[in-house]
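Protein chains in written order, with the numbering used here: chain S, 1 to 702; chain V, 1 to 218; chain D, 1 to 295.
Source of the hints: derived by calculation from the structure; they are not laboratory data.
Bear in mind that the values here come from a model prediction, so they are computed numbers and not experimental data.
Ideal Cβ positions, reconstructed from N, Cα and C, are used throughout, including at glycine.
Incorrect hints may appear among the rest.
Claimed, not checked - Cβ-to-Cβ under 10 Å is the rule here; a few derived chain S residues that face chain D:
id, residue
1, 422
2, 429
3, 431
4, 442
5, 446
6, 449
7, 459
8, 463
9, 521
10, 634
Unchecked claim - What the simulated footprint calls covered on chain V by chain S, stretch by stretch (three residues with Cβ under 8 Å from a Cβ of chain S suffice, anywhere in the stretch; the number is not a length):
id, segment
11, 9–18
12, 39–47
13, 165–178
Said to hold, decoys possible - The following residues of chain D were derived to be distant from chain S, with all beta-carbon distances above 10 Å:
id, residue
14, 68
15, 73
16, 82
17, 163
18, 172
19, 218
Residue-level listing of the chains:
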Amino acid sequence: MRQARDIPVLRVENLAISYETRYGDVQAVRDVSFEIQRGDAYSIVGESGCGKSTVAFGIVNFLGRNGKIVDGRILFQGRDLVGRSQEELRKLRGDRIAMVYQDPMQALNPTLRLGDQLSEVLIVHRGMARSEAEDRCVHMLEQVHMPDPANVMQRYPHQISGGQQQRVVIAMALLNDPALLIMDEPTTALDVTVEAAVLDLVAELQTKFDTAIMYISHNLGVVARVSDRVGVMYAGTMVERASVSDIYLHPSHPYTLGLMHCVPKLGMDKSSSYLYPIRGRVPSPKNLPPGCIFEPRCDFARKICQEERPSIREVEPGHWSRCHFAEQVLAGELQPLAHLLPNLEARERSGEASKLVLNVEGARTYYDAPSTKLIGGEKQFVKAVDDVSFSIRKGQTLGIVGESGCGKSTLVKTIIGLEKPTAGTFEFMGVDISTPVSSRDLDLIKNLQMVFQNPDSTLNPSYSVGAQIARPLRRFKTVPRNDVRDEVVRLLNMMRLGENYYDRLPRQLSGGEKQRVGIARAIAGRPELVMCDEPVSALDVSVQAAVLNLLLEVQNEMGTTMAFIAHDLSVVRFFCDTIAVMYLGQIVEIGPAEAIYAPPYHPYTEALLSAVPIPDPRVEQKHIRLMGGVPSALHPPSGCRFHTRCPRRSLLPDGGAICETTVPPWQQVTEEHRIFCHIPLEELYKLEAVITIDVEEESHVG
Amino acid sequence: MLVKDYMTRHPMMGDPGMSIVEARHYMNENHIRHLPIVGDGKRLIGLVSRQTLLVEPGRISSLDIWEIAHHLSKMTVSDVMVRKEDVVTIDPDATIEEAARVMVEKKVGCLPVLEDEVVVGIITETDIMAQLTAMMATRIPGVRVTIHMPEVRGELARLVAAISAQGWGILACGGAPAPREPGKWEAVIKIRGVPRGEIVAALSQIKGQEIVDVRETD
Amino acid sequence: MSVAETTPSKTSEAPAGTQRKWWEPLTLIFRSGVGTVGLVIIVFWVLVAILAPLIAPYSPLAQDSTAINQPPSAQYLLGTDNMGRDMLSRLIYGSRTILLLAPISVFCSVAVGTFLGLLGGYFGGLIDEVVMRILDAIMAFPTILLYLIIIAALGPSALNVVLAITFVGAPGVARLVRSLTLDIRTRDYIRAAETRGENPFYIMFFEILPNARGPIIIDSMLRVGYAIFSIGTLGFLGLGLPPPTPDWGGMISEARKYIWTSPLGVLWPALAISSLVVALNLFADGLREESTRYQ
């Protein structure tokens, strides 16, 4: 008999979901159709607010009291879920659909042991005896590669790391052997190396359990790695759906095309390539344009786009697009326009020989750790930054990369004077800056400014944009009192925001706009050195490009020196001249950007590069995964701090016994490029490049 | 070759409250012939096939046309299904030939695969047929030779030894008592990448064995 | 560039928004039924207090020795007290005292509390430790006992009532402001101010305080209610305003002695106090509900 392998596990047809609000019904999702075959991984990708999570909540009926499905069908294993009662739904869906959220703690009860929570699933749903259920759970934890599962069963959620929590949640979802697993940004909160391991797990489980996976993400790189087919959502509707390689190599919707052009690809750098931002912002669902929803932001918009809303249609077999001109886009006739590119003509490349702006030697920042004992006990330190040395030349950009907790933010805060250094020399243009900011003189303060990470907290919600940019101007007396307003307007224009932004309050701005105001405020005093703490990591990809371009422009125009913290290796590669890779408070490798991304690598750099999700299915990455989590900075490992996780120790005699006992030497590769490792350079040179692009495939397909 | 590797995971399933009209519609639309009926936690309650959904004429012959419609609309699958006690099932760790044997013996076309009463999959004749095709490497081009040999221990080993002496590999191999020839064993062997003539030449050297059929497949 | 182009609708909206701003909270309050009721009662008492000389039929101090402890009549709408003074007039004038003293004392306690809270919350460490432990010590005393001690030491007078309420109320405000500060202090815009080398007091009052104002305002509303209560209580205990100032608490205390002969004498001032307190609570609730929903 045929248990119909070709019947999709999930088929969504013309789904529309709206929310009741004060202002009437708001359609959050319109006309979304897609299907997921058994054992397939289907990704829905889109920026924040595009309705991708709403679709997922619609499927599992978690729309809340004010949400409802107003149109369309959701067929799960051939049966319609729409319009059924709660009880019917429960029976129908039963435990056959499971969901994993971005925040694992949402699914875990902090007051219960993990073992109890896991076995509960089996005890309740299957009426299994406790001991048997526990055995089954341990087995499932093994399947998700949880180290020491029996021990984990005895722990509470907060006692394991974020990546492990996510594994537990995935294990919990799989205990019922669901036919469909919905994952809503499951790796967004995780570090790249952990993320890579979780993505591997997802792919493995997909084949092992024959579970269909619906994967929701904003990250094009993650999607390329995890799925076979992709649906791109924009402003509540699906604009394109196709196979991964079609989406990435031959997009047929201008929005998708825009997304591909606005993320830096690993290997791109600012001197040889551009990022093409998508202008404008996503329209609010209350206020959609009458024609094509992407028309106001589209570079190719014609008259018909303003008048007629296109419907989604099949452009080539299996490739659907919601654009009037999909064929032209597909054929590559429409390329992004250059009018939004940064104006970098005046770029001087004479930076090489120029003087040092910042020189840091042996920097150490320790925090007092609260003693666990009530009385006595040795005083302990969290060694957030431990013996870090580097320097930045004028007009150059230093990128600092590393996973969370590696000390990159502390390092920057120490330089800017918000943290007190424990030891080391800090020289800024020849002046000692190891003093806290409160005892620095105004001129020094003026020259060291910072751009912050979180657009929602970078601006004071109580003051208008103009007032916030004007404050440093007044304080540093950059311009005469009477010219302050003009200068603010000039800065706003430079940020491409226009004078009408002067009186707006931060809550009236979008994330990207807030970030631009933050940049304007930082550069208002015309600082010599600007520290950027992950300035684009909280922004949607289409907005990231615009902000990065602005930073480039600023640097170009004012010759500003920058330090740029990021965890996204592609962004750093694009933006920075020199890159420092940090691990557990130490720099493990530092050198010119292009040197970092090619052998010889420090083993940690190699692992990072292998983990970074790349939005290009042609790219081949070597598969290197780090075991375990980052050790505590309270008790860093002896010798080389990376030795506990290093996948390359076997290159040394005795399996790298020396790594545990001796602090590694700095090995000079070139004058600028240093690696902090015991493994001899000759061995490191022999490592293969982590990332190779299979260009042949492109020519073959094209 | 265990059931768990060849069954269909996550089969479509029904619940006992489903009306037979809906069940029939569901099965027709999705081209399925058997529908396991499960309760909470996917525990098996019964099995519905297309035949069971055909209501016996005896049950409705005394009713007029309107009553029939009413009667049908009120009937649920729990009224007509084969109950759990009578459903033939199999364990995911059983071998595939065991599943085939059960199917042949009980004359059923489908076995729900149960793990502690929970339906984890379904295995059907089609799955086993598919497995047979795969076992005989039907889809891979090569030379398929059928040989009759005495039903004596070591005969198949001699055949295999002869092939390996030539340095060839065996793509697929199967054997069974020869039909209509008592005392003989019939072996089928498939070899890839060797010309037909060479194979015939080599195998016809084996004493006491007889090539009954040679064909190239692609 | 494009961003400016795509948001013309925003531009027309923004200036209107800034102009509309001062009465925005009021529209907010009218969305909540509870808040509206509270506001109406408050406005009623405020008007009564302002217009006291116009609407009061008699002077609050005028005694009519012929009508002592009278029940309500056409001449004296709410009756008279034990000294033959018109209850209605005394109530009306009493609202003046209470509506003046309560906000003033709350303002003082909020000012002191906010300062201490900002100080402790922003600086942390030893300063926080010292300030908060002292405030905790104050909070550890029963409120009534504190009032009694302070007034007994300083003597009953309007100023001393304000002082007492400030002293008792400030620790609570400080706790609230401190917790708000601890949260706001971690925001990036505070770090931005620090990297500009701003003076700590600038950061406290110009960067942190404006963002803490919402909860502080709501808390103050509730506190005005408590203050009215406290003033009433002090008056009742004879520690409020010295007689013969019309004072609701004092009126209850006086009338209590004649509760068996003229029970209404207690009822009127009690009603006045509770209506005002309830109204303030309703108003604060409405404000909190709507402002949190608004965000």
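How the hints compare with the structure:
no.	hint	in the structure
1	422	18 Å, violated
2	429	17 Å, violated
3	431	15 Å, violated
4	442	7 Å, holds
5	446	8 Å, holds
6	449	6 Å, holds
7	459	6 Å, holds
8	463	8 Å, holds
9	521	7 Å, holds
10	634	21 Å, violated
11	9–18	holds (count 7)
12	39–47	holds (count 4)
13	165–178	violated (count 0)
14	68	58 Å, holds
15	73	52 Å, holds
16	82	54 Å, holds
17	163	32 Å, holds
18	172	24 Å, holds
19	218	17 Å, holds
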